[in-house]
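> Spelled out from the first residue to the last, the chains are:
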Amino acid sequence: MLQNFSIFNTIYNDAPQPWQLGFQDSAAPAFTGIVDLHNIIFFYLIVICVGVFWVLGSIMYYFNTKNSPIVHKYLNHGTLIELIWTITPALILTVIAFPSFRLLYLLDEVTSPTITIKVIGHQWYWSYEYSDYVTDSGQSVEFDSYMIPESDLELGQFRLLDVDNKMIIPVDCHIRLIITGADVIHSFAVPSLGVKIDATPGRLNQSSILAERTGTFYGQCSEICGVWHGFMPIAVEAVSVQDYLAWIDSV
Amino acid sequence: MSDGDLSSKYVLQTAGFDARFPNTNQTRHCWQNYTDYFKCVAAKGEDFAPCKQFKRAYHSLCPNEWVSKWDEQRDNGTFPASLEP
Ligand SMILES: [Cu+2]
Numbered sequence: 001m002l003q004n005f006s007i008f009n010t011i012y013n014d015a016p017q018p019w020q021l022g023f024q025d026s027a028a029p030a031f032t033g034i035v036d037l038h039n040i041i042f043f044y045l046i047v048i049c050v051g052v053f054w055v056l057g058s059i060m061y062y063f064n065t066k067n068s069p070i071v072h073k074y075l076n077h078g079t080l081i082e083l084i085w086t087i088t089p090a091l092i093l094t095v096i097a098f099p100s101f102r103l104l105y106l107l108d109e110v111t112s113p114t115i116t117i118k119v120i121g122h123q124w125y126w127s128y129e130y131s132d133y134v135t136d137s138g139q140s141v142e143f144d145s146y147m148i149p150e151s152d153l154e155l156g157q158f159r160l161l162d163v164d165n166k167m168i169i170p171v172d173c174h175i176r177l178i179i180t181g182a183d184v185i186h187s188f189a190v191p192s193l194g195v196k197i198d199a200t201p202g203r204l205n206q207s208s209i210l211a212e213r214t215g216t217f218y219g220q221c222s223e224i225c226g227v228w229h230g231f232m233p234i235a236v237e238a239v240s241v242q243d244y245l246a247w248i249d250s251v
Numbered sequence: 001m002s003d004g005d006l007s008s009k010y011v012l013q014t015a016g017f018d019a020r021f022p023n024t025n026q027t028r029h030c031w032q033n034y035t036d037y038f039k040c041v042a043a044k045g046e047d048f049a050p051c052k053q054f055k056r057a058y059h060s061l062c063p064n065e066w067v068s069k070w071d072e073q074r075d076n077g078t079f080p081a082s083l084e085p
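Protein chains in written order, with the working numbering: chain A, 1 to 251; chain B, 1 to 85.
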């Protein structure tokens with residue numbers, strides 16, 4: 001009911017905007033964690049910047065040659081100040097390391113997944129394989145995902161981002177991604193889901209995603225892989241579990 | 001098809017966490033399940049139900065291209081590991 005009034009209806013930014021500086025809206029706990037860490041560190045960064053430039057500005061203003069012609073006489077050495085400006089940054093870096101490592105290890109964790117999706121990078125497209133339902137007769141679901149060329153775009157589709165076959169995932173399910181490359185190194189990255197992991201030929205990398213809401217999330221290959229590196233986008237569509245099962249049944 | 005039919009047809013289940021492979025690199029996780037399956041079959045026969053577990057796991061984890069390459073190598077006798085139980 002409340003959703004009918006537009007002020008109660010959140011509209012998420014799930015695609016990059018021209019000249020965008022900030023992040024896209026998060027759709028996964030991983031990305032929320034990354035954004036929070038960024039914002040917390042950025043606050044202290046601003047405090048430090050103001051402090052440093054304040055000191056620098058004051059020195060230039062009060063101790064220039066005109067105001068104090070022999071200031072260099074006192075600028076040779078100062079053990080105390082040197083200790084302070086060496087130890088303080090070291091402590092700050094140590095303090096930043098704790099939340100940073102905590103997040104890093106949380107992102108590495110693969111919590112008992114409900115489905116596994118294999119993601120394979122090719123020159124220059126992605127292909128996806130869903131093989132959890134392979135029975136004696138059953139077939140593995142696999143398809144290629146190509147960028148839609150600009151000439152074929154329909155109204156509302158994103159240039160250089162939309163693909164013909166999206167990767168479909170169920171919401172609120174822990175999903176294991178097995179990422180590999182077929183030819184050269186690619187990198188599978190979707191900002192709003194908080195994943196970026198190399199697709200290396202001959203190696204299977206594991207990552208985990210959890211979509212907290214339905215929607216379509218975009219990413220791009222993030223490892224230079226050849227001439228059409230910029231034209232192999234990733235589109236992930238998170239749907240309800242029922243819709244996911246219906247989709248699996250239809251392909 | 002109603003939702004009930006679909007959720008009994010497709011069980012949302014996949015290879016679980018394996019303490020032998022706790023890292024991001026899961027290459028061996030796939031390989032181990034593939035070889036274990038054929039070792040299991042060689043020891044207990046195709047119809048031995050517990051072997052199916054390995055089969056499901058390697059299907060979930062191994063890229064289909066790898067599986068068909070290894071299947072081919074087994075047929076040609078060039079598979080680079082012993083599948084004797
Ligand atoms: Cu690429």
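None of these hints come from the bench; they were simulated from the model. Any given hint could be a false lead.
[What the hints assert, rightly or not] Cut-off 30 Å, straight-line C-alpha distance, at most; resulting in silico cross-link-like pairs (DSS-like, lysine-lysine):
| hint | chain 1 | residue 1 | chain 2 | residue 2 |
| --- | --- | --- | --- | --- |
| 1 | B | 55 | A | 166 |
| 2 | B | 9 | A | 166 |
| 3 | B | 69 | A | 196 |
[Stated by the list, open to error] Here are some chain A residues the structure puts well away from chain B; computed CB gaps all over 12 Å:
| hint | residue |
| --- | --- |
| 4 | 22 |
| 5 | 109 |
| 6 | 162 |
| 7 | 170 |
We treat Cβ as the ideally placed atom computed from N, Cα and C, and that holds for glycine.
> Determine for every hint whether it applies to the structure shown.
Evaluation of the provided hints:
no.: 1; hint: B:55 to A:166; verdict: holds, 27 Å
no.: 2; hint: B:9 to A:166; verdict: holds, 23 Å
no.: 3; hint: B:69 to A:196; verdict: holds, 28 Å
no.: 4; hint: 22; verdict: holds, 29 Å
no.: 5; hint: 109; verdict: violated, 10 Å
no.: 6; hint: 162; verdict: holds, 25 Å
no.: 7; hint: 170; verdict: violated, 8 Å
In the structure shown, a violation is registered for the earlier hints numbered 5 and 7, in ascending order.
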